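Participant: Top to bottom, those sequences are chains A and B.
230 is the number of the first residue of the first sequence in this note's numbering; add one for each residue after it.
230 is the number of the first residue of the second sequence in this note's numbering; add one for each residue after it.
Keep in mind that the hints are not guaranteed to be accurate.
Since the list can't tell identical chains apart, any single copy or any two copies may satisfy a pair.
No more than 20 Å apart at the CA atoms, straight line, and that leaves these computed lysine to aspartate or glutamate pairs for DMTMM-like [as the list claims (entries may be wrong)]:
1) Lys660 to Asp635
2) Lys664 to Asp525
3) Lys639 to Glu297
It is worth saying that the hints were derived from the structure and are not from the lab.
On a predicted model such as this, the values are computed, not experimentally measured, just so you know.
The residues making up each chain are set out below.
There are 2 protein chains.
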Amino acid sequence: MRRLNVFYVMTLLIVAAFASGELEAAAVKANRLPNFVVIFCDDLGYGDLGCYGHPTLKTPNLDQMAAEGMKLTSCYAAASVCTPSRAGLMLGRLPIRSGMCGKRRVLFPDSVGGLQESEITIAEKLKERGYATACVGKWHLGHHQQYLPPNHGFDFYFGIPYSNDMDNVSGLPWQEGVKNPNVAYFNVPLIRNLEEIERPANQLTITQRYTQEATKFIKENKDGPFFLYFPHTFPHVPLFASEKFDGKSLRGLYGDVVEELDWSVGQVLKTLKENGLAENTLVVFSSDNGPWMPFDEQGGSAGLLREGKGSTWEGGMREPTVAWRPGFVPAGAVNAEMCSLMDLYGTFCSMAGAEAPQDRMMDTNDLTATLAGNGPSPRKEMFYWRDTRLMAVRFGKYKAHFVTQDAYTKEPPVEHDPPLLFDLEVDPGEKYPLKPEEHQPQVKKAQELRATHLASVADAPPSQLDRK
Amino acid sequence: MRRLNVFYVMTLLIVAAFASGELEAAAVKANRLPNFVVIFCDDLGYGDLGCYGHPTLKTPNLDQMAAEGMKLTSCYAAASVCTPSRAGLMLGRLPIRSGMCGKRRVLFPDSVGGLQESEITIAEKLKERGYATACVGKWHLGHHQQYLPPNHGFDFYFGIPYSNDMDNVSGLPWQEGVKNPNVAYFNVPLIRNLEEIERPANQLTITQRYTQEATKFIKENKDGPFFLYFPHTFPHVPLFASEKFDGKSLRGLYGDVVEELDWSVGQVLKTLKENGLAENTLVVFSSDNGPWMPFDEQGGSAGLLREGKGSTWEGGMREPTVAWRPGFVPAGAVNAEMCSLMDLYGTFCSMAGAEAPQDRMMDTNDLTATLAGNGPSPRKEMFYWRDTRLMAVRFGKYKAHFVTQDAYTKEPPVEHDPPLLFDLEVDPGEKYPLKPEEHQPQVKKAQELRATHLASVADAPPSQLDRK
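Take these sequences, add in the hints, and give me the full structure.
Facilitator: Structure representation (structure tokens):
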């Protein structure tokens, strides 16, 4: 009977092994932390997607993403230009608190500053919880080694360190260079991790290559959890589309480029679906600021919103935003409540079981319930900074401008006392100022919020953008 | 065995009866003429629906209709104001050809003119094919008995004969009356068939009552075929919403009113579905012209389009249009090709097996294949008339303005020679004029089209609007 005993024991062992493996897998699945993907465009306008009303720009993948998820119609970037907007997203706090804004507005190739080591990016927070992290695309939070993504919580980086119009070596006037785009005019480096691998970066194929790297990262980390930060180079001018998209859209080169971005979104969602990750991955699509209007038809459209990139009118900072996680985010939802891309920090922390930093002033909220369709947005206020100047505040549906200035104008800023007041729900286009005498409580509230907020940034660090 | 024989014969008879019944039903179904419903808003802007990009106006029924059908993003009204736009829709021909435009722009309570007996409405055409026909809502093609819907091919009429702001008896300045809406200021009659049944029409409940009449007509004619023309009174100012909607939207009173219209659309589609008519009914939703901008937040938004009601800029005449017929119109389609509401005439004729009039100049096309997703739009040109003056022409993606004038301005019209040229696909907002010297073929083509078109209206009849 010895042999039978051996068989018996072996069988028991095998069954036990299977059972424990399955139990473990189930336990892991139940406790599995959600993955996060942030697809972040550059200078895309509020009105540039089909599902945000553009008549000729075709974005079937984003329209489908919105149909399967939630369209956020009142979601703000942290700032109206590139560097501070991205700092806000990465840190969950206003750029004024991290020194990531200044008179120069953004970082340039000759800048010496960047994101400080003392700052805690969302990637660093998620790494604490075991996330694999990648940044694929344009960084623009400092191009010197110590500022690059691998030194701020990202396991992997592939992309350009600043805007694609920088390092213009053509000798042509810049705008003329843009009107006659030629990749050789722009000598932007392409970096893998900390190493420059190509210069000038071939922008004709960059969206394709970003998409390859992004989907590869997803597949390689399908056992998760992972965080993919995917900030595209486009539709920031100069515009380049790959052969497959060049000349194909109705909307001209700008349309070609955005339709390639839409294709890329489709590839990401397809990869998630094919790898069984859709229900465990929150994908957020948005843009860093409004459309760059001086570039005429090579810039985007803010739809019915006023002005664009660089201004604190709505067109400068309200972004076309779509959140997607099938089974969690309700399909086809439209949410008009105020929220900010800075809130992704608190939301991801909450979903990943991490604690947002307690030792510093944060400007983030937890949108988990909002995105699940279970509650109002916790955000009650929005502060509109232009570089180092507080221009406006939104509280509930009211927006009070203390100072207004169009983005690209030679006119000086105009101060408003009492503030210029709008009801953004009734009048999202900021066309019809409310009468201050009929809105005394709102005027008072705006002034109080301004004073409290300014006090909270009294010890703001020096600008990294203006460092010499 | 006699008994068995009886059973056998009976069984055969029953089977035969069933089979013949089924065959007959199938034959009827195959030959059944489709029903048509046109839901037509008044002064709704291109940017006022959720699916056309409005951030706070919630139109879940129309968004769903678009998801189940086709969004037409380049569909034009026949004119930029009420009377001529409706004449174009009803007749499939430009208002200049029927005398339904003039210096007064629209018909007023003191007008003596109206739609002439010699004109052939789409309702009359469909009656020839056995359709039951109803007009529920605002007519505005003449309020004297001979001009009313029952004398132009409609079996049934319930609605107001002209705009809801006419017959202002308050003695208040008109705009002030609008800002303090009170139903008693506006003494508009409500008519059933040819009989005045209420004066002033209670506008607070009018959308509810229209919807009741419209859905009742559908149910009573479910054996079809039927044509329901459903031109709403709103969101033309003065704005009134029923108790259920008043004060409920984020977008103020304008939003309340549009959300009630959205509800009404939902009721119509629900009625069609519940009565098994969805797959055999083509529903088209649109508006007569762009938003009435001098009314500030009580007017709508044209989104990214330029200007509004009364002008021949895109905002005046391009309409948010949704076509729906499950199983025929592809779900979730977006079509950016040029078409006109005048094309509904030719489309309905084609689908109903009727022949469009051959004895007069028509301006209509057959969109059947386009709506089925099987072909490009047959429309190659669009002529933009302002009253009795040809202002602009569109051919393909190009629009050439010969004359421009904002809608509500004291500035005189500006003539352009060469014409002011835009690429509406790249630049739907008409912001960036093309250089004529770089577009000589387009300039020439525009001038030729203008000359040919003007020759085609050389024998235009006198204006019904300016008749005394």
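Participant: Would you mind marking each hint as holding or not holding in the structure?
Facilitator: Verification of the hints:
no.	hint	result
1	Lys660 to Asp635	both (14 Å within a copy, 17 Å between copies)
2	Lys664 to Asp525	between (34 Å within a copy, 14 Å between copies)
3	Lys639 to Glu297	neither (44 Å within a copy, 48 Å between copies)
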